[in-house]
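Chains as they are written, first to last, in this note's numbering: chain A, 41 to 200; chain B, 41 to 200; chain C, 41 to 200; chain D, 41 to 200; chain E, 41 to 200; chain F, 41 to 200.
Among these hints, one or two may not hold up.
Since the list can't tell identical chains apart, any single copy or any two copies may satisfy a pair.
Cross-link-like lysine to any residue pairs, in silico, SDA-like; alpha carbons within 20 Å at most [as the list claims (entries may be wrong)]: (1) Lys61 with Leu184; (2) Lys147 with Ala62; (3) Lys61 with Thr145; (4) Lys147 with Val172; (5) Lys130 with Gly51; (6) Lys147 with Ala65; (7) Lys190 with Arg174; (8) Lys61 with Lys190; (9) Lys190 with Ala171; (10) Lys61 with Gln108; (11) Lys61 with Ser191; (12) Lys61 with Ser129; (13) Lys190 with Val58; (14) Lys61 with Ala171; (15) Lys190 with Ala175; (16) Lys190 with Asp173; (17) Lys130 with Asp173.
To be clear, the hints were calculated from the coordinates, so they are not data collected in a lab.
Number of protein chains: 6
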Amino acid sequence: MADLTHLDERGRARMVDVSGKADTARSARAGARVRMEPSTLDKILDGSLPKGDVLSVARTAAIMAAKQTSNLIPLCHPLPIASVEIEFSKAGDGLLEIEADVRLTAKTGAEMEALTAVSIAGLTVYDMCKAVDRAMSVTDVRLLEKSGGKSGHYVREPDV
Amino acid sequence: MADLTHLDERGRARMVDVSGKADTARSARAGARVRMEPSTLDKILDGSLPKGDVLSVARTAAIMAAKQTSNLIPLCHPLPIASVEIEFSKAGDGLLEIEADVRLTAKTGAEMEALTAVSIAGLTVYDMCKAVDRAMSVTDVRLLEKSGGKSGHYVREPDV
Amino acid sequence: MADLTHLDERGRARMVDVSGKADTARSARAGARVRMEPSTLDKILDGSLPKGDVLSVARTAAIMAAKQTSNLIPLCHPLPIASVEIEFSKAGDGLLEIEADVRLTAKTGAEMEALTAVSIAGLTVYDMCKAVDRAMSVTDVRLLEKSGGKSGHYVREPDV
Amino acid sequence: MADLTHLDERGRARMVDVSGKADTARSARAGARVRMEPSTLDKILDGSLPKGDVLSVARTAAIMAAKQTSNLIPLCHPLPIASVEIEFSKAGDGLLEIEADVRLTAKTGAEMEALTAVSIAGLTVYDMCKAVDRAMSVTDVRLLEKSGGKSGHYVREPDV
Amino acid sequence: MADLTHLDERGRARMVDVSGKADTARSARAGARVRMEPSTLDKILDGSLPKGDVLSVARTAAIMAAKQTSNLIPLCHPLPIASVEIEFSKAGDGLLEIEADVRLTAKTGAEMEALTAVSIAGLTVYDMCKAVDRAMSVTDVRLLEKSGGKSGHYVREPDV
Amino acid sequence: MADLTHLDERGRARMVDVSGKADTARSARAGARVRMEPSTLDKILDGSLPKGDVLSVARTAAIMAAKQTSNLIPLCHPLPIASVEIEFSKAGDGLLEIEADVRLTAKTGAEMEALTAVSIAGLTVYDMCKAVDRAMSVTDVRLLEKSGGKSGHYVREPDV
Numbered sequence: 041m042a043d044l045t046h047l048d049e050r051g052r053a054r055m056v057d058v059s060g061k062a063d064t065a066r067s068a069r070a071g072a073r074v075r076m077e078p079s080t081l082d083k084i085l086d087g088s089l090p091k092g093d094v095l096s097v098a099r100t101a102a103i104m105a106a107k108q109t110s111n112l113i114p115l116c117h118p119l120p121i122a123s124v125e126i127e128f129s130k131a132g133d134g135l136l137e138i139e140a141d142v143r144l145t146a147k148t149g150a151e152m153e154a155l156t157a158v159s160i161a162g163l164t165v166y167d168m169c170k171a172v173d174r175a176m177s178v179t180d181v182r183l184l185e186k187s188g189g190k191s192g193h194y195v196r197e198p199d200v
Numbered sequence: 041m042a043d044l045t046h047l048d049e050r051g052r053a054r055m056v057d058v059s060g061k062a063d064t065a066r067s068a069r070a071g072a073r074v075r076m077e078p079s080t081l082d083k084i085l086d087g088s089l090p091k092g093d094v095l096s097v098a099r100t101a102a103i104m105a106a107k108q109t110s111n112l113i114p115l116c117h118p119l120p121i122a123s124v125e126i127e128f129s130k131a132g133d134g135l136l137e138i139e140a141d142v143r144l145t146a147k148t149g150a151e152m153e154a155l156t157a158v159s160i161a162g163l164t165v166y167d168m169c170k171a172v173d174r175a176m177s178v179t180d181v182r183l184l185e186k187s188g189g190k191s192g193h194y195v196r197e198p199d200v
Numbered sequence: 041m042a043d044l045t046h047l048d049e050r051g052r053a054r055m056v057d058v059s060g061k062a063d064t065a066r067s068a069r070a071g072a073r074v075r076m077e078p079s080t081l082d083k084i085l086d087g088s089l090p091k092g093d094v095l096s097v098a099r100t101a102a103i104m105a106a107k108q109t110s111n112l113i114p115l116c117h118p119l120p121i122a123s124v125e126i127e128f129s130k131a132g133d134g135l136l137e138i139e140a141d142v143r144l145t146a147k148t149g150a151e152m153e154a155l156t157a158v159s160i161a162g163l164t165v166y167d168m169c170k171a172v173d174r175a176m177s178v179t180d181v182r183l184l185e186k187s188g189g190k191s192g193h194y195v196r197e198p199d200v
Numbered sequence: 041m042a043d044l045t046h047l048d049e050r051g052r053a054r055m056v057d058v059s060g061k062a063d064t065a066r067s068a069r070a071g072a073r074v075r076m077e078p079s080t081l082d083k084i085l086d087g088s089l090p091k092g093d094v095l096s097v098a099r100t101a102a103i104m105a106a107k108q109t110s111n112l113i114p115l116c117h118p119l120p121i122a123s124v125e126i127e128f129s130k131a132g133d134g135l136l137e138i139e140a141d142v143r144l145t146a147k148t149g150a151e152m153e154a155l156t157a158v159s160i161a162g163l164t165v166y167d168m169c170k171a172v173d174r175a176m177s178v179t180d181v182r183l184l185e186k187s188g189g190k191s192g193h194y195v196r197e198p199d200v
Numbered sequence: 041m042a043d044l045t046h047l048d049e050r051g052r053a054r055m056v057d058v059s060g061k062a063d064t065a066r067s068a069r070a071g072a073r074v075r076m077e078p079s080t081l082d083k084i085l086d087g088s089l090p091k092g093d094v095l096s097v098a099r100t101a102a103i104m105a106a107k108q109t110s111n112l113i114p115l116c117h118p119l120p121i122a123s124v125e126i127e128f129s130k131a132g133d134g135l136l137e138i139e140a141d142v143r144l145t146a147k148t149g150a151e152m153e154a155l156t157a158v159s160i161a162g163l164t165v166y167d168m169c170k171a172v173d174r175a176m177s178v179t180d181v182r183l184l185e186k187s188g189g190k191s192g193h194y195v196r197e198p199d200v
Numbered sequence: 041m042a043d044l045t046h047l048d049e050r051g052r053a054r055m056v057d058v059s060g061k062a063d064t065a066r067s068a069r070a071g072a073r074v075r076m077e078p079s080t081l082d083k084i085l086d087g088s089l090p091k092g093d094v095l096s097v098a099r100t101a102a103i104m105a106a107k108q109t110s111n112l113i114p115l116c117h118p119l120p121i122a123s124v125e126i127e128f129s130k131a132g133d134g135l136l137e138i139e140a141d142v143r144l145t146a147k148t149g150a151e152m153e154a155l156t157a158v159s160i161a162g163l164t165v166y167d168m169c170k171a172v173d174r175a176m177s178v179t180d181v182r183l184l185e186k187s188g189g190k191s192g193h194y195v196r197e198p199d200v
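Isolated chain A (complex conformation) (with noise of 0.2 Å):
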């Protein structure tokens, strides 16, 4: 049990102590996709919606997440963001590909806030298009890349 940090020899959950961490460069990058029918992707994506405005307000939502993201997950801690961006593109038919970057210094990493910016561009996507595709789905939200820190760089091996 001593592996899962969250939780302390009693199985207890608390906010990890990382007092004593130095504060460094960390980074984050994490995916998700939404499966949809192709024709809405097409309305999203080419052009039936003038201003691309599905994907602005989405992209919009997943920047406030992040800065959202400890006060959504019970055990983060709070970070002092210092970019987000947000990518949308198309990974397949009826497959729209998020991505988000997030970067900041301080004592512990960014992936979190990554992870949940992707999820709530994710389903503000759903939340705009139900109307027409109720059948939509957010899936493979994960963490693609994390670099900074004790643990050093990570990618995420390629699906096979």
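Chain A is fixed; fit chains B, C, D, E and F onto it per the hints.
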């Protein structure tokens, strides 16, 4: 474009006007899965974590997140949530299933609240176990069932 | 266990389902006391602090905290608060009494809102005076009276 | 003093009791202007910013801010907002006009929500353009129209 | 477009990366005015409102709003605010001047915090007096002075 | 009045300027007690509630509340909390003791975070048990110990 009600005739975002709709009883049920190493799921479920605290914290986070939905998803209406229940179960080797059931009486439905609840539950499980299993992913965030309102009863077709 | 309605038959937390209940007018009155050096209370009450700003800030904090109750207490329902009033009085040497009166029309009662209001009022007084009296304590946070709803009128028995 | 209903007979703040009022349909329309260098407004409006993202972000911020009103303005009641629409237009050289239209059914009106929305929209425009035009100002934040409730229909007299 | 740093090369919003900047002491001073009937301002200032509670509530709201800035303005960085002071003064007949002074040590400046503080102070004054003077407006929300950081000292030129 | 640092020379509230202070390691420990029927405490502690969920929910609420402190207490500074631990124990018949230990590195101390955590933990216990014991009270919310910063180590004198 008329069918994407979150966008007006010029493609700009707006909070859809529900002021003319009646308050009716509504419920929504959403699901998500967390994919992880089988040994991680065993630690969560099989008693090596006394008191099951990972799931207890994730359940509390999910309930509180449901109440934050309209602060996270830009075009969601604030809703007077009447009930939230969260269930966890094992859906397979290294696969944790999360379900949220949300009920309320309002002018619009509860699906975003249920989807937000399972997403944050999944991210909380990730956060509490990431030290031992960084490659975990949250997947299949989807609406399972929905009732109440003009659009009637919806049940998601089973995945093939 | 059936009588602890926040826990289901397996002891797990849930937000109690109030969707079947009627909206009725409800009110709750809660109290708290702040115990401090008599000279600290004198500074707060007797005019050496022009404009009584400690109590004014504490009153504003209490009203705002009542509106945050469902974001702080995990299983509380969000409620459409219709009125909050905060009273301060001297209950004895070095003893400040705080009372909150909350009214609303909803499916469930306002006692947690009133209790949260007086707690935060007390903590705000502590915060503003701690530089001169670190040993202050907030005590006797309790429900004084409650009306509306199925459980009927409740008045706390006077302390002996 | 009786006419300043947010203050009781002793001048202390309180959230005005609306528990005896009926739920009625209400709407409010507010406006604000952002004064800037004409070249800054041209950049925002005339296409040198592809996709109009400044206004899209400001619109999203405004809608989300409307939902935060009761958490920002101490004596505001939490209200079940049913609709928010935000409009931007050019009101003159270097003058951006912002309008918010808020609708809801409640015991009290939506004017603070509309005023908060346009204020935050204006500040968001400032934030996104301040690197090129630090002397911008947000001005003329005002209620334009209001309907519903006991006080009846209000239309602001045109500025001379 | 390169000069609008909140937008990337394709015009999409992002939170500007400040991770490479040093933490330095910064301060910002912003102002706003509330225009109202002279008799309304007299009620606020001249003692017919015992204890000056309108301004006390507005001051508390402004300080709390400064701390919410990064939750309201989408691309603002969360900052460790070290000090907020709010001043009210009479700027003319029926004209209330509000000033906020914000200090902090961080990688980016405090101007949005100061501007948010005075905006919410103005809206709070409106809210508390709107029953007697619905035509009040908040105007001239502007940065007065700013120091610290690479861009150096800024003092707004006096209005003519 | 000079000794009440939250008030300026005219008695008005302000967030005390800590911008000139150094970041140092700080910790604070606070306590609270919940007084209830002995049979209620037995239900919470002695296993008739499988998995101890009341305390698990209260612990999660306390940790999350610590992170909300500066949003609740008007003049508190936002602080980068590095650790929160919550302990529950039986302090006597029908008397539950709650302790919070908060650590961080900042320009000002963590005592309000620890006090807020135990207060919300106590209110959460009340909320989850109020259906069986409405007369419960939260009492003795107090600072137990504090270290770091200019004012040095503080240990509360034991109650007589």
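The hints, checked one at a time:
1. Lys61 with Leu184: Close neither inside one copy (24 Å) nor across copies (26 Å); limit 20 Å.
2. Lys147 with Ala62: both (5 Å within a copy, 16 Å between copies)
3. Lys61 with Thr145: both (12 Å within a copy, 10 Å between copies)
4. Lys147 with Val172: between (44 Å within a copy, 19 Å between copies)
5. Lys130 with Gly51: between (42 Å within a copy, 19 Å between copies)
6. Lys147 with Ala65: both (9 Å within a copy, 13 Å between copies)
7. Lys190 with Arg174: For Lys190 and Arg174, the Cα distance is within 20 Å only across copies (14 Å; inside one copy 43 Å).
8. Lys61 with Lys190: Close inside one copy (9 Å), not across copies (22 Å); limit 20 Å.
9. Lys190 with Ala171: between (46 Å within a copy, 12 Å between copies)
10. Lys61 with Gln108: neither (23 Å within a copy, 23 Å between copies)
11. Lys61 with Ser191: within (12 Å within a copy, 24 Å between copies)
12. Lys61 with Ser129: Neither way: Lys61 and Ser129 sit 37 Å apart in one copy and 30 Å across, limit 20 Å.
13. Lys190 with Val58: Result: close within a single copy only, 12 Å intra versus 22 Å inter.
14. Lys61 with Ala171: between (48 Å within a copy, 16 Å between copies)
15. Lys190 with Ala175: Intra 41 Å, inter 18 Å, cutoff 20 Å: inter-copy only.
16. Lys190 with Asp173: Between copies, since 16 Å is at most 20 Å while 44 Å is not.
17. Lys130 with Asp173: For Lys130 and Asp173, only the intra-copy Cα distance (17 Å) is at most 20 Å; the inter-copy one is 28 Å.
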